[in-house]
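Undergrad: In case you want the letters, here they are:
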Amino acid sequence: MSSRAHSRIALVLALLLVAMHLDFWRPQRPLLVFGWLPEELLWRLGWMGAALLFLCYFCAFVWREEG
Amino acid sequence: MDPALVPFTVALVVYVLVVLTVGLLATRRAASSAEEYFLAGRGLGTAVLFMALFGTNCTAFVLVGVPGQAYHDGVGVFGVNAPIVALGIPLTFWAIGSPARRMARRLGALTPAELYARRFGSRGLGRLLFTVFTLYTLPYMVTAVDGAAKTLASVTDGAVGESVGGLSVLAVALLYTSLGGMRATAWTNVVQGVLFMAFMLVACIWIPRSMGGLTVAMEKVRAHDENLLIVHGGGLFAPRAWTSWGLAISLTVIAFPHMLVRIFTARSEESLKRVCRLYPIALVLLWLPAVMIGVWGAAEFPGLEGRASDRVFSLMITEHLPAWVAACGFLAVLAAVMSTLDGQLLTLGSMLSRDVMKERGTGSEHPTGADSTGDRLGVTSGRVFGVVVALVVYVLWRAAAHSIFQVASVAFSGYVTLAPTLFFGVRWRRFTIAGATASILLGNAVYFLCLYQGGGMGAAMRPSWLGFLPVFWGFVAAVVAGVAGSLLSAPGDLQRQRAAFGD
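Chains as they are written, first to last, in this note's numbering: chain A, 6 to 72; chain B, 204 to 706.
Chain B on its own, in the form it takes in the complex (with noise of 0.2 Å):
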């Protein structure tokens, strides 16, 4: 082996049998219910919640394509993105996630969409919105394991290629996940972002001083483009698109399936608000590392053009970082992308046996144990329909992964359509089955259609009508529609709501 292989090859070695003995030791009690397997029981304290929640939501965009971003628009990528996530991800988890949690488990739901199915008394939209959740996540998973394979080639010269490389990635997060179902991908999620946090944090600190210090490393960017410590104010910088990319990524990160189901498993309302605390905290110390690694590396490596400069992370790691600390930031790529993977593999797994399947007798209608045999089969179905999602992420990936990559970039917007489902779905009585089909249907319809008029999958983060983003506009459609379509119709069954809304 190329001895400079052998600290990434062992940290490696060692992540992956972290990850696989937490899995294992999630096992016993992940067999116990669906609900255990599906939400870790309801019972995770803040400390894990958190990480389960701030490493899910973290992807390996973070790490290497912040800095690429950073390299060309400097200082302002983290004024455009940080600040109003810190404050929109806690509302949102106010406005929509907690009352989520309190209905899901009265309904007894385990799954976002069997919670709106639940709620609205309707299947047909359960298996709309797991339609929509779907379309959505697939291209997301996909890109990771794109990710995750070009880091393993790219680690490795080409030693583990990017076939062997994706799969592996794929079929770990699959066996821990599998195997321990909620729990496990939990308390993998601590370990993983324990390690990224911690790299960027070194990083952070270990890089300037590499080059010379704080302040000379800083002088450097100054003297190699001064405009790098402003926002300039062209393409997302411009007022209409800062306002409403602001908008959607405040938005987005509740409507995945992946980030709400996992408030569902929150212990209690004040782990939930514990974790709103910490989350502008966390996101200072993930993004600023981030940031500040484009802009140091804008003046190292001048010259990189467009998507090259994604490679600014590993350059600059590989050059001002100690071989083994290094190795630890490339193994912390991996693990921002399997700490989103799993959760996606099993939200997605649980709804595909869940809301889908479940009408065949492959899932359970009594998830707190009131049936035994049908808790036990809901586990296995999970199980199963986990392993049907890998290997569907992985069919797509080796076939159009390239194509992809816009698909995913429509995708991260695309979930906004979806929040005024979520949040009327749980706050207003009034909202009926019909208010939210036509939220989600013409909130999508408008999206697409501002994209289509935009030229095409590549116009999600380009100005559409009178400037704002395509986003903006679907999410007005599904506000406007959402209301309009519940105020037009019949209210809903009231014995219904106030099982829903706890009267």
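Chain A with its partners taken away, still in its complex shape (with noise of 0.2 Å):
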């Protein structure tokens, strides 16, 4: 794939990412899964988790060496 292919999907996944940090629409419980996590603290370490796949995805195909 080359490396314009590349920068697309990680443009496209960025978005997607600030998108769903960005989820008014998200309905808000004080449910405690596992009876002490918090729903949301999960949702948000999941989009973490997510982040760092992105970021490893990007160092790996995007940022590209330099100088």
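Don't read these hints as lab results, they were simulated from the structure. Backbone N, C-alpha and C define an ideal beta-carbon position, used for all residues, glycine too. Hints are not guaranteed to be accurate.
What the hints assert, rightly or not - Now the stretches of chain B that chain A is said to cover, found in silico as 3 or more residues with beta-carbon under 8 Å: (1) 413–421; (2) 478–485.
Claimed, not checked - Rough simulated footprint, nothing fancy, chain A against chain B, three-plus residues with beta-carbon under 8 Å: (3) 284–291; (4) 313–321; (5) 360–370; (6) 425–435.
Put the two chains together into one complex, using the hints given.
TA: Given below as structure tokens:
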């Protein structure tokens, strides 16, 4: 896959992550998953896991070595 | 001595000895050249680079202020801050930090202001950047010294007065910074970062166990106020405020001069990439305990009003941790303060030396060792100006610590108005001096206009026009002015552009 294609994929993924961060549509419930983990925190931690995977992809395929 | 103070005193003495030893060990290499003193020879590998960046990025606010906010606003404090910076900061390292590092190496620049002055061939622009950097950084340093002084006074029950405590923290940070320059601050940041991250992890495990287990602790929170488990929709959590705050905290960090200059120290692009991959993990490890200490504290110590909730960190660790672990907690706060303060002292001192005083012959034009006398003078003047900066901070703190807190919150967002100039300067060849000047001046003018309309310095975190925070409008104005100013002015010198962009 060309580097331009990787850049486009990364842009789409980044926009998707930002959209998921601006999640004002998500209902807020004071639920404790497993009896101790607030649902809100679970969502945010999941988002950060996705961001980490994105950064791994980004560093491997989009951030080219220069200089 | 009060027996209750023994654990903290012992921990404090050990900590000070360790950071001073690190400073001493770095001294010999620091004197060899200006590049070595100011940028650790541009040779920091992944681990030290990461701790230098993360340690500088994380202030005592994360340990004390974040639990205080979470006490009132619950787990939403995690959601509005940690996730977006976990993505935003690494992306700014790529977008601005990486090309700035390469360009600084090509141009022999040792400070952010010097980089942009050389990129455009304009000392005036360098001085403008230096001025804005300084105006936004000094209030920050004052609040850090104030926080450290209050922590010392509180832990020692007033035995160490605030003026002595603040002076001592400033003196220790100045001593190891002056001795070993960037290398000393980077290595001490490793010690400090390990200390405060390890403590927060231990506290996050120990405190709920002491409360009867994690499930019991969370049920106590739900019984106390179930709104602490969700994001409520007001203030900073309203959609447009949330959006503009995300923009602010993602972009502001790279515009801290003490952060950008640390990126110049990276040994390679690969080191910087590894740092970016580590950032989200470290943010979870630090922010999650900080938020949870505040949330659990709300159930344990209800009734703290307003800023009094900042006490929840010390209340929780004193109540739930053994004395020697709690002592490490207070030390962690001091470590977080000093890990930022040292970088700020070094960076402002180096900019004062190289970007302002160079014309008077106190800085070197040949930082890579071409002129060893100039190099030695550059290092000496960097040390002298570090002392000057520390003195200014101390005087400001004693004179105006109270009023400067609001200025510090304005400064945090204000750095964002510099982000367009920092980005275009290293990514866009058509960007001109006029564009950069217009971007900085107009961005700040609009930002302060929004603050003025919102009621003054206290309005930095309150929604302004159309529900967005003032920083959003300042950023938009800086982008528009930067683009328009560049397109309406003559392109810069081609030769200079080629040298800067490595053609």
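Undergrad: Are the hints correct? Go through all of them and say.
TA: Going through the hints against the structure:
| no. | hint | verdict |
| --- | --- | --- |
| 1 | 413–421 | holds (count 4) |
| 2 | 478–485 | holds (count 5) |
| 3 | 284–291 | holds (count 5) |
| 4 | 313–321 | violated (count 0) |
| 5 | 360–370 | violated (count 0) |
| 6 | 425–435 | holds (count 7) |
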